[in-house]
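Trainee: Residue numbers (UniProt numbering), protein chains in the order written: chain X, 1 to 307; chain C, 1 to 434; chain D, 1 to 296.
Treat the hints loosely; a few may be bogus.
Cβ-to-Cβ under 10 Å is the rule here; a few derived chain C residues that face chain D [unchecked claim]: (1) ALA97; (2) ALA259; (3) ASP260; (4) THR263; (5) GLU266; (6) TRP278; (7) ALA286.
Covered, in the sense of this in silico footprint (three residues per stretch, anywhere, with C-beta under 8 Å from a C-beta of chain D), are these stretches of chain X [unchecked claim]: (8) 45 to 57; (9) 192 to 201.
The set of hints was computed from the structure by calculation and includes no laboratory data.
Every residue gets a Cβ at the ideal spot worked out from N, C-alpha and C, and that includes glycine.
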Amino acid sequence: MAHVMTHPAPGGSQTPRRRRAWRDTLIGWSFILPNFLGFALFTLVPVLAAFALAFMEWDSANDPEWVGLENFARLWNDENFHVALRNTIYYSAGHIPLTLAAALGLAMALNRRLRGVEFFRTAAFFPYVTSLVAVAVVWNMLFNPTAGPVNLFLEAIGVQDPPRWVASTDWAMPAVIATSVWRDMGYYMVLYLAGLQTIPKEYYEAAMVDGANAWQRFWRITIPSLRPTTFFVLVMLTIQSFKVLDLIVVMTDGGPGRSTLVLAQLIFREGIREGEFGYSSAIALVLFLLVFTVTVVQFRINERRSS
Amino acid sequence: MIPSNPPKARVRRHLVKTAGVAAALALAVAACGGGGSGETAEGGGSTTLTITVWNLAKTPEFTALFDAFEKANPGVTVKPADILADDYPEKVTTMLAGGDKTDVITMKNVTDYSRYSARGQLLDITDMVKSTDTSKLAGLDAFNVNDSYFALPYRQDFWLLYYNKAMFDKANIKLDGPITWDDYAKYAQQLSQGDGNQKVYGTYHHTWRSVIQAISAAQTGGDQLSGDYNFFADQYNMALGLQKGGNALDFGTATAQQADYRTMFETAATAMMPMGTWYISGILEAKEKGESQVDWALAPMPQRPGATDVTTFGSPTAFAVNKRSENADLARKFVQFAASKAGAEAITKVGVVPALQDPAITEAYFGLKGMPADDLSKKAFEPDKVVLEMPVSDKTSDVDTILNEEHQLIMVGDKSVTEGIKSMSDRVKSEVLN
Amino acid sequence: MTTLREAPPAAGPGPSQAGPPPRGPRIFRRTLAYVSLVAVTLLVLLPLGWMVTSSLKRNNEVFTIPIEWIPREFRWSNYVEIWEQIPMATYLGNSLYLSVVITFLQVLTGSFAAYGFSKVSFPCRDGLFLAYIATIAVPWQAYMVPQYIMMQRADLINTHLSIILLQAFGAFGVFLMRQYYMSIPDELCQAARIDGLSEYGIYRRIILPLSKPALASLALLTFVSTWNDYMGPFIYLTSNELWTVQLGLRSFVGQYQADYAMIMTGAVLSVLPVMVIFLFGQRYFIQGIATSGLKG
């Protein structure tokens with residue numbers, strides 16, 4: 001709607017209007033082109049090639065062979081795929097909302113004038129840059145079934161028989177989710193901090209004059225004003241959650257058993273490790289379609305809300 | 001024997017399945033493809049040979065071999081392509097897919113070897129293998145793909161028992177011959193002591209599945225690709241028993257805390273440890289640098305009751321020639337050199353166990369500074385039979401994944417031994433063998 | 001005066017249910033804020049602490065069970081040895097070079113493209129944008145090999161240029177900047193157009209200065225992810241003199257064993273530059289509510 005306003009001229013004749021549309025297209029593309037060229041050549045083309053491979057059998061050395069939907073039929077019957085898909089959805093369902101809330105909470109807490117707040121902000125970002133091995137070791141230590149502080153605490157407040165966390169198939173995923181929320185919250189906090197800067201303080205002043213309390217100001221001003229940021233964070237979080245790999249590899253490597261096996265791990269294993277590039281691409285294509293659907297839904301909702 | 005222009009698509013279908021066809025295809029492709037491998041500038045002057053290696057700085061055997069080869073072949077320069085050990089196979093797969101021309105490719109494990117050779121990415125060197133005396137070359141069988149060879153082993157690691165001599169002396173246990181697993185479990189109980197930070201475990205089982213599974217297969221004659229795994233049971237019961245009694249570090253803790261076997265042994269947190277021969281050079285180095293005070297020695301892997309021979313498992317490491325190498329003759333020469341006595345001598349000096357078995361080489365090995373000198377250690381070094389850690393076939397990695405997953409579940413106590421073994425069998429049969 | 005399109009009506013003029021918040025003693029609330037911040041910070045910094053103490057240990061004392069927080073002896077010499085064992089300075093230099101170039105290109109082309117995607121309208125714009133985002137959803141492992149083959153054909157393997165080309169034009173920056181531009185009122189551009197500014201002029205003179213916080217956070221996040229990237233440089237860079245810090249650290253991992261003390265020493269060293277950048281860079285993306293420049 002904003003772009004209609006750009007060119008109000010309702011009385012203009014057909015020709016200038018078309019010329020203007022043409023001019024806009026040119027200008028738009030001129031902005032996009034520098035990035036698009038690099039993007040298309042180095043990302044889009046290989047991605048499309050990978051999608052094409054989903055319908056082929058390829059061992060990376062000999063010519064690929066067209067097999068139609070065979071890879072997908074195999075996928076349908078592959079128990080590993082089912083397990084990984086379930087685990088990926090489980091992980092995302094925990095990781096997305098918790099990280100979103102933690103990141104927003106941190107950003108709100110640290111977006112104020114407080115002595116030493118720079119230090120706290122830096123600290124909050126640190127998990128994201130800390131070596132993954134260190135993260136895995138320390139969190140696994142915190143979650144240690146017998147001597148870990150988490151379980152000592154649980155026992156102290158009267159929990160009988162606390163979970164065995166990463167040493168059990170039922171509790172490994174919650175432990176992984178907790179660690180990943182901890183790791184990613186600082187990253188998304190940075191985005192929220194930037195977003196918070198766009199809210200004019202006049203809004204808050206007006207609300208204060210009207211007698212709104214902090215809670216009301218948060219819900220009526222902060223949250224709606226942050227919508228573009230939240231949308232971005234939500235989409236990125238969704239994408240990152242569905243293709244989570246490195247933290248899981250270091251922390252549990254999919255175990256115990258298959259209890260934390262995720263799709264990206266399966267793609268890696270079937271592709272580069274086993275050399276079944278067609279099959280691995282098929283898994284990637286399914287993962288892509290899944291994320292794409294979720295993202296489009298998020299887009300739609302966002303559009304409806306903002307209009 | 002093969003049409004010069006095979007219908008590629010059809011051939012490829014079976015290619016993954018039968019390595020033999022692949023070997024033939026490799027020949028065919030070599031015959032009709034580029035074919036420019038023989039005519040390289042060999043006419044004197046300096047030639048450069050490129051070789052993929054992992055972790056050059058921390059793997060002294062490579063430098064030792066390259067130096068020896070350069071010395072034996074004046075005018076030749078070896079240029080290593082250094083790749084990180086962690087993801088070595090992934091990088092080599094990618095490089096080969098991109099048509100990389102590095103002359104010699106180091107085969108880190110046999111599974112990857114079978115993949116590269118099946119895809120026709122390695123040069124057939126059967127003629128060279130057949131024309132050399134390979135009777136003393138351990139681990140060569142693993143590279144036999146339907147009577148064709150695409151690589152030659154230069155190094156063969158196998159498993160033995162490391163033990164802390166001081167602790168054994170203190171407990172008045174004397175080792176003078178191969179022990180049984182029952183003895184082993186008994187000693188582990190006797191040697192465990194202390195608590196908390198001072199806790200000393202009788203033994204340490206690293207988290208790899210081979211610690212339980214490969215040794216059972218080797219000593220019972222079981223086949224890890226068969227889909228029947230009852231032969232694992234004794235070993236699992238023994239390991240779980242030790243774990244439950246606090247005589248071995250609990251598996252859950254070991255994985256979660258990323259237990260490091262070197263730490264366990266070098267800080268004297270364990271009295272015994274089954275481990276591969278590669279660790280010999282590691283502990284020699286730690287002692288030399290003063291990083292560890294452990295008084296150690298070697299014993300043969302414990303045996304099943306009634307066994308007369310010493311049986312253990314191991315895995316070879318090999319060199320192969322890249323099919324796309326433009327320097328194939330020199331590359332072949334290098335592969336042959338590495339497997340020869342000269343090559344074996346070179347790597348023995350840095351504490352690595354060569355594939356070539358020879359009394360003189362064993363002698364040289366025990367002449368290294370810091371090696372234990374007792375007879376049992378020497379006996380441990382000459383097992384009667386070394387079985388390949390995991391048989392090679394196109395099913396290997398799928399089976400490996402399943403066995404590993406179920407191994408974890410048994411070891412953390414999520415499944416009983418019987419349940420775990422049953423589920424291994426069911427899964428391997430339905431998901432892989434069907 | 002311009003009003004923000006997306007802005008909600010501030011709490012209505014009528015009296016709201018709850019009265020003004022009860023103003024507790026200021027000191028008490030401050031203390032509470034600090035105590036909770038410190039508690040969270042401790043939890044956040046725990047693994048970092050482990051990383052630092054491990055960097056001061058002998059290798060075979062890193063993974064003791066149970067965990068040991070204080071080294072048996074402090075080996076400060078690790079920090080000297082690492083420079084001797086690996087060419088750390090070269091690695092740091094390479095990482096810095098790649099991170100700076102990629103960040104610069106990503107921020108420049110990303111924000112430029114984002115203007116096209118948010119403030120200029122033309123056919124297929126949103127579809128194209130969706131395609132951009134969609135590719136982020138494809139795991140890199142899936143198209144790594146096709147991409148490598150392309151690069152090999154272009155003869156770019158084993159050059160820094162390959163990494164730059166692969167990472168500088170990602171969709172992430174475009175997406176981030178577009179979202180930010182969406183929150184800048186169109187009326188602002190509208191007014192500028194009436195004043196006779198071209199679209200490029202609007203981007204340069206109005207949008208760019210307004211989007212400093214977003215540019216700074218994009219720069220920071222791009223820098224950090226390039227700095228920490230391991231798999232990309234690993235696959236594309238073979239020559240040791242081209243390696244980055246992350247590759248250098250992994251060179252302490254052998255086939256069967258690893259030098260964890262050195263890895264942690266290197267990890268601490270590699271975190272320092274990021275920490276400095278964050279500490280000094282944050283004033284750009286946190287200017288405080290008061291200076292936000294979106295007044296009409």
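Trainee: None of the hints should be skipped; say for each whether it holds.
Mentor: Outcome of the hint check:
1. ALA97: holds, 5 Å
2. ALA259: holds, 6 Å
3. ASP260: holds, 4 Å
4. THR263: holds, 5 Å
5. GLU266: holds, 4 Å
6. TRP278: With Cβ-Cβ at 5 Å, under 10 Å, it holds.
7. ALA286: Since chain D brings a Cβ to about 7 Å from ALA286 (chain C), closer than 10 Å, the hint holds.
8. 45 to 57: The restraint on the region 45 to 57 of chain X holds, since 6 of its residues have a Cβ under 8 Å from chain D and three suffice.
9. 192 to 201: holds (count 9)
Of the numbered hints stated above, none is contradicted by the structure.
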